[in-house]
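Kindly generate the complete structure, drawing on both the sequences and the hints.
Chains L and G, in that order, are what the protein sequence lines are.
Number 44 in this note's numbering belongs to position 44 of the first sequence; there are no gaps in the numbering.
Number 26 in this note's numbering belongs to position 26 of the second sequence; there are no gaps in the numbering.
These are calculated hints, taken from the structure and not from any lab test.
C-beta: ideal position from N, C-alpha, C; glycine also.
Worth double-checking, as some hints may not be accurate.
Calculated pairs, PhoX-like style, for lysine-lysine (alpha carbon to alpha carbon, straight line, at most 25 Å) [stated by the list, open to error]:
#1 114/G <-> 104/G
#2 101/L <-> 9/G
#3 9/G <-> 169/L
Label pairs and their computed distance ranges (CB to CB) [as the list claims (entries may be wrong)]:
#4 157/L <-> 62/G: 55 to 65 Å
#5 105/G <-> 5/L: 53 to 63 Å
#6 64/G <-> 98/L: 34 to 44 Å
Residue-level listing of the chains:
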Amino acid sequence: MKNKKRLAVVAIFTALCLLLSYLESLLPSIFPFIPFAKLGLSNIVILYTLICFGIGEGILVMGFKCLIMGLISGNPFMILYSLMGGILSVAVEFFLIKLGKNSIIAISAAGGIFHALGQVAMASILTGSSSPFVYLPHLTIFSAIAGIFTGFLVWILVTRIPEKLIYSKNE
Amino acid sequence: MKKDYLSYKSNKKPFSIWDLVVLGVVILLVVVLLLVLFLPKDAPNYINVYREGKLVKKVKIQDINNSIVFETNGIRVLMESDGVTVIASDCDDHACEKIGKITKKGEAIVCVPKTITVSLS
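Now the structure itself:
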């Protein structure tokens, strides 16, 4: 039973992630001077998965989302990019969840910053230069704000969605 | 996991006192990054264009009279005496065009799909 539930959870949450990513890609970029900065709405789903189900499910949802979004967008570089950011942010978020000291909002902000860091590092590897790090100060500030926003939404979801909808009685 | 979930569920406050630590680290990181990256603001001397990490074009800014247009791998770069702009790109996202003109030493325009970097030094 447990494996079936895991399969269902990963499938549904991946679908949600893709939907949010797709909707977000339809929006115009928020700041013209950092055109690749995005809110990261799919982080809502990934962080929620991490909190409710754990690292395995979180990594799977994040990985599938990166892979499928990369294929949909027709830009294979997107996969490497978002995977690097995704792995770093999931690792940091999971570490902070296990530490148990910080609020969901701060965890989300930290995850956002490490996502930006991962993407800049990947851009640096792909272009073979350290120049992408020039974008890091703006990106860090923007990611922190975006992370606070998405973290607030995760906090609402965690505190408002009834427990019985997530776990069965014997879990 | 359920244990983590329940601890967040039972705690009704959106923030924790430990968030100040995260905030402090973020502010420190941004300040250090800004100092490291943007402290030297001398006028740039050279425009460098890299492809896959290799220098393919280096232009001394003093030598530019009107402007130079340089094209590599589908990216068109406009070099002027006061800065450099990516004016056209045949990739999908056109992010490098939206950056606009860079004018200061150490600034760069990066086009990841084309592995092109334009920087000022």
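Hey, residue 9/G versus residue 169/L, does the alpha-carbon distance stay inside 25 Å? holds (17 Å)
Measuring from beta carbon to beta carbon, are residue 64/G and residue 98/L in 34 to 44 Å? violated (56 Å)
Starting from the range 55 to 65 Å, see whether the pair residue 157/L and residue 62/G falls in it by beta-carbon distance. holds (58 Å)
Under the criterion that the straight-line Cα-Cα distance not exceed 25 Å, is the pair residue 101/L, residue 9/G satisfied? OK: residue 101/L and residue 9/G at ~14 Å, within 25 Å.
Note whether the CB distance of residue 105/G and residue 5/L lies within 53 to 63 Å or breaks it. Cβ of residue 105/G to Cβ of residue 5/L: about 56 Å, so the range 53 to 63 Å holds.
25 Å limit on alpha-carbon distance, applied to hinted pair residue 114/G and residue 104/G: Distance of about 23 Å is within 25 Å: holds.
Hint compliance for this structure: hint 6 alone is broken.
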